[in-house]
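Enquirer: Fit chain to chain and form the complex, with the hints in mind.
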Amino acid sequence: MIVARTGNEAMAEAMRQINPDVVAAYPITPATEIVQLFAKFVNDGLVDTEFVPVESEHSACSACCGASASGARVMTSTASQGLALMHEILFIAAGLRLPITICLVNRSLSSPINIHCDHSDTMASRDAGWLQIYTENAQEAYDTTIQLVKMAEQALLPGIVSTDAFIISHGMERVELIDDKEVPKFLGERKVNYSLLDVDNPITLGPLDLQDYFFEHKRSEIDAMDNVLPIIEKVQKEFGDKFGRYYPIVDEYKLDDAEVAILVMGSTGGTAKVAVERMREKGKKVGLIRARVYRPFPKDAMTKALSKVKVIGVMDRSDTMSTLGGHLYNDARSILYKSDNQPLMKNYIYGLGGRDISIEEIEAIYEQLFDIQKSGEVDKDVVYFGVRGE
Amino acid sequence: MQTPKTNQQKKIQVDSSSMDRIHPMENVLRMDRIPHIWCPGCGIGLAVTAFAAALEKAEIDLSKIVIVSGIGCTGRVAGYVKLDSFHTTHGRAIAFATGIKVANPDMKVVVFSGDGDLIAIGGNHFIHAARRNIDMLVVCVNNFIYAMTGGQVAPTTPLTAYATTCPFGCVEPPFNIPYLADSSGAVYVARWTTLHVRRLTNAFVEALNKKGFSVVEAISPCAQYYSRINRLGDGLDMMRYYHDNAEIRNGEDTKNLDIDFQGKIIVGKFIDRERPSYTDRYNEWLSKVKGGENEPG
Numbered sequence: 001m002i003v004a005r006t007g008n009e010a011m012a013e014a015m016r017q018i019n020p021d022v023v024a025a026y027p028i029t030p031a032t033e034i035v036q037l038f039a040k041f042v043n044d045g046l047v048d049t050e051f052v053p054v055e056s057e058h059s060a061c062s063a064c065c066g067a068s069a070s071g072a073r074v075m076t077s078t079a080s081q082g083l084a085l086m087h088e089i090l091f092i093a094a095g096l097r098l099p100i101t102i103c104l105v106n107r108s109l110s111s112p113i114n115i116h117c118d119h120s121d122t123m124a125s126r127d128a129g130w131l132q133i134y135t136e137n138a139q140e141a142y143d144t145t146i147q148l149v150k151m152a153e154q155a156l157l158p159g160i161v162s163t164d165a166f167i168i169s170h171g172m173e174r175v176e177l178i179d180d181k182e183v184p185k186f187l188g189e190r191k192v193n194y195s196l197l198d199v200d201n202p203i204t205l206g207p208l209d210l211q212d213y214f215f216e217h218k219r220s221e222i223d224a225m226d227n228v229l230p231i232i233e234k235v236q237k238e239f240g241d242k243f244g245r246y247y248p249i250v251d252e253y254k255l256d257d258a259e260v261a262i263l264v265m266g267s268t269g270g271t272a273k274v275a276v277e278r279m280r281e282k283g284k285k286v287g288l289i290r291a292r293v294y295r296p297f298p299k300d301a302m303t304k305a306l307s308k309v310k311v312i313g314v315m316d317r318s319d320t321m322s323t324l325g326g327h328l329y330n331d332a333r334s335i336l337y338k339s340d341n342q343p344l345m346k347n348y349i350y351g352l353g354g355r356d357i358s359i360e361e362i363e364a365i366y367e368q369l370f371d372i373q374k375s376g377e378v379d380k381d382v383v384y385f386g387v388r389g390e
Numbered sequence: 001m002q003t004p005k006t007n008q009q010k011k012i013q014v015d016s017s018s019m020d021r022i023h024p025m026e027n028v029l030r031m032d033r034i035p036h037i038w039c040p041g042c043g044i045g046l047a048v049t050a051f052a053a054a055l056e057k058a059e060i061d062l063s064k065i066v067i068v069s070g071i072g073c074t075g076r077v078a079g080y081v082k083l084d085s086f087h088t089t090h091g092r093a094i095a096f097a098t099g100i101k102v103a104n105p106d107m108k109v110v111v112f113s114g115d116g117d118l119i120a121i122g123g124n125h126f127i128h129a130a131r132r133n134i135d136m137l138v139v140c141v142n143n144f145i146y147a148m149t150g151g152q153v154a155p156t157t158p159l160t161a162y163a164t165t166c167p168f169g170c171v172e173p174p175f176n177i178p179y180l181a182d183s184s185g186a187v188y189v190a191r192w193t194t195l196h197v198r199r200l201t202n203a204f205v206e207a208l209n210k211k212g213f214s215v216v217e218a219i220s221p222c223a224q225y226y227s228r229i230n231r232l233g234d235g236l237d238m239m240r241y242y243h244d245n246a247e248i249r250n251g252e253d254t255k256n257l258d259i260d261f262q263g264k265i266i267v268g269k270f271i272d273r274e275r276p277s278y279t280d281r282y283n284e285w286l287s288k289v290k291g292g293e294n295e296p297g
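Chains as they are written, first to last, in the numbering used here: chain A, 1 to 390; chain B, 1 to 297.
Next up, chain B with everything else stripped away, as it sits in the complex (with noise of 0.2 Å):
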């Protein structure tokens, strides 16, 4: 199947005079939709920056990307980029993207949603698409919470922590959200804060690169529901608390990464695996049964 022509997006240079842009994004980002409607202090600025300088590291060809979203705060990013993006519905940006990959098996396929999106609506395609490790990037912004429709309770609440629809504290215990994609398959798993942004950007260059089912969590400050009913002061503070309580560790047990109420946060890159993708296998099986006269694709 042949990959659709997309508008004229050139290959980003590395070294591009960038002192002619407006905004040092401004080739991946449309400007005629800025400014976004983030909140100050909100935390999905800083991974869509990260994730836009990886695109530049990893010498992505933006001709052969498409983004995904879902509905949510993050859900917002396909709008603000400016290369084939995707405003599905709640919860199913995994589900829409599966079918963009298995028809054009050679665009990168990047999903850009939030935690209620991901993983409570549309938990279920999460965990079914790195179970057949369908080759596409998962990008989980986690702010422990529906910011969107005004800070209601999800599956990432940390126990006992306030939300609007539990004023009398979350009694749910959350998604440990690593050790759910390590165990449904997914080939690399990592979590960092959007304090971390170095590391960030280098976990979506290794994410971009890496063949399968990759999730990448970045937990992000909600400074106007999460920090707010929780009387945890605003975004910088929330950067203070990744700063003091997140711990780097690479390649710890997915089993250990549970979030308590302003515990700590354990980060790092904690699987790098290899599994045949969805597509090789479905490929190298059907030239199996049909005797070599599949085509690939």
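Only chain A is shown next, with the shape it has when bound in the complex (with noise of 0.2 Å):
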């Protein structure tokens, strides 16, 4: 079915159809209508879901990690601050093993107070232990929603599936739905081996681990997202041999003869396509590499697509605070370490705090990564682009 919906609607449809055991959340914006959407469910008995207005996202993680640790399929919606607030449960749902699925806005963290989008706020969850995707436009928010959950409970690792703030939160587009019955058929019950709940084999859950067990339990969570992108991977493809919709882990676009590329992440991937598309229509060779899977750092697929030409523009949404540039940029350089082909790199930090890029901006950073090619050097690493007094 082709109908119109915003991000926040796409997800909150992708969850009616999941249909979750619990969902428990607190209001934040931009992320808010997701979960007031999905109440509506409730009360219409669209769902069977048991769902908690709770009085903060700290506890609205606690209140998932519960009932996940019960057995249930567990989700729920934040922005943020919310996800700042929750980050102390984060760590406790990777670790437990608990597959959790938030269906998350970016948004800026405080402070200064802004409600609009960047990446700082998943970013700064980034070694929480939970898989992170960053979408590109609604539909992919909206089936990345239902692949997710499916990916988190065959890991038994938490996941994070991400909307920019407003510009694919608020802005309607063109979403196919999949038929109502064909989510829950594609999912299938969440399998539990261990679980609170069961009187007959009690179990104890977060208790002290000192010295002794503690690294072994760490190493076999390092170890889950080790092996986790052969499941992303299944799920995605599955996915598509069902729906018709192939994702990939990391998104190529004309890659293969380009000589510049950009890699970006979330809604600006589908503003460099356009630029893209532009430039090309001049004859000038360019390319776009977009992260769609971010945690686990998919490695091999990153290599392979960095390697294929001479300068990458790499644009960064949050700045890690390091003097050392963006959270992707970092990541990019790090596994080109060792690589026998190295790309000329250049950061380029925009749009925090919701500063809009558009298609012209990318041109002119294509425009720059040529000059970078003739002269074969990176005058500055880190700037930061569309900023006052730069």
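It is worth saying that the hints were derived from the structure and are not from the lab.
Virtual Cβ for every residue (Gly too), placed ideally from N, Cα, C.
There are no misleading hints in this set.
Label-pair restraints from in silico Cβ distances:
{"hint": "1", "chain 1": "B", "residue 1": "H23", "chain 2": "A", "residue 2": "A364", "range": "42 to 50 Å"}
{"hint": "2", "chain 1": "B", "residue 1": "P167", "chain 2": "A", "residue 2": "I203", "range": "32 to 40 Å"}
{"hint": "3", "chain 1": "B", "residue 1": "E172", "chain 2": "A", "residue 2": "Y194", "range": "25 to 33 Å"}
{"hint": "4", "chain 1": "B", "residue 1": "E172", "chain 2": "A", "residue 2": "D48", "range": "14 to 22 Å"}
{"hint": "5", "chain 1": "A", "residue 1": "H170", "chain 2": "B", "residue 2": "H23", "range": "30 to 38 Å"}
{"hint": "6", "chain 1": "B", "residue 1": "H243", "chain 2": "A", "residue 2": "L197", "range": "49 to 57 Å"}
Here's a subset of chain B near chain A, in silico, CB distances under 10 Å, partners left out:
{"hint": "7", "residue": "G116"}
{"hint": "8", "residue": "Q152"}
{"hint": "9", "residue": "V153"}
{"hint": "10", "residue": "F168"}
Expert: Written out as structure tokens, the structure reads:
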């Protein structure tokens, strides 16, 4: 069925079709709508979910952990400060291997306070042990929400699927919905080996774990991250085979014959694809790499993609505040350390606090990348693009 | 510890020639930020106006007052006052304000925030600041809902009332804010609606002059969300509801102040008692253990 939906509506529709056992959430702009629409589905009897409107995001994530540990399929939604308040519990969920799914809307972290898009919120949580998938539009957000539930449950890792605040969350687009009956069939029942509320086999979760076994438990969590990419690929393929929409781990666009390329994530991927078209009309060989799966970082696929071109402009919508530039840039540089084919690389930090990025500006970045190709050197590794006084 | 020098704010003259001002409150409002974001029919502006009037009436030195807000519609107050102000994170206004007070015991600290911010996500700080009796005034504008995000159910939403996240009607009993404040140790507790502008102003004056943790609950219409989803009309209809259903009972036992959906609202001053404030108790105790060497502050 083809419908017009905003990113938030599309994610809410996905949640309705997933029909999770428990949703616990707290309002926060611009993600509130997802759960608000979901509450209406609960009211209208369209889902069987226990819906808990808790008193903070810290409680929301905690309630999700409790429910997930009891064997339930659990989802929530948040943004920015909400994710920051969940931070403590994010590690609990990952450490206890509870496959919770968060429908997240990327919004700047305070301070100063701002409600618009950048990726500082999820980037600040990138080391929490959650899968992270950044989407380009409402369709991808909808599809990935469904996929992520399955990926998370198979890997026993929690996951975040995100959209860009307002750009995707509140922008209405054409979305193809899957038939209601097909989604539960695709997902199946959650299989649980150990859970609370199994009265014959009582278990204890979260007990003290000191020098004796803590390290082994953490190592097994890292192991799960190491082994999750094949699961992600398998679920994406299964989804594609069934519903016709295939998603890659790393999205490559007109890259094979490109001389220079931009590496980007989120909605800017869509804007940049238009810029690529325009540049190509002018006969300029440019390409695009979009990081869809960001945690775990897809080392092999990304190295392969980056190695195809001579110059890469990495566009980060967040800064590490380490003087080393953006998050994506640091990861991309790091994986090329041992590569025989090292493209020149420049980092463009852009769009913080929702500052708009236009097609023309991305074209200008491509032109700069050609200049770098010509001169053979990067004058300044990290630049702040579109900020006053730069 | 020294109070940091603030911008050159003068003490308000009670009978200053208000004719010269564009707005009667322009000496305490950031006129460059007006018009404000509050919706037609909202009561937060009334609460702010009452508060501004109280500052004049109580003859508060404006260079020694700081307004702290959290997040939400009422959380925007900190951005509209031409006073030292701090717009903090969701739920933490009282925690930030505690820091301000203990570092600057001479400052008059006022937390101006909403029910969702103070009683839900920030409920923990509310009860502990009351327990410690931190010398601050907490103004809680209660509109029964999370209004900034579009009308979600809050821990103040009356039973059976509708909200966007409880389209089936609220099933959770709400907090009785004066009772919570009283039982946690507040020294001054009052509740008025934004219809009772004169009494609300007087409550602010009393609370500003009171030493210790003071709470003034200002019940306010949310015409866009709470009223609309519950089909209660507009802001004026809510004012009529307050007019017909508010009952003044000064000194009423705070146990009896629950608010039922569209039921009676008991208003008045309920608590006005003395307890040593946190900083007084702290300084007194330190003087004792350190043999009088401790400097106050």
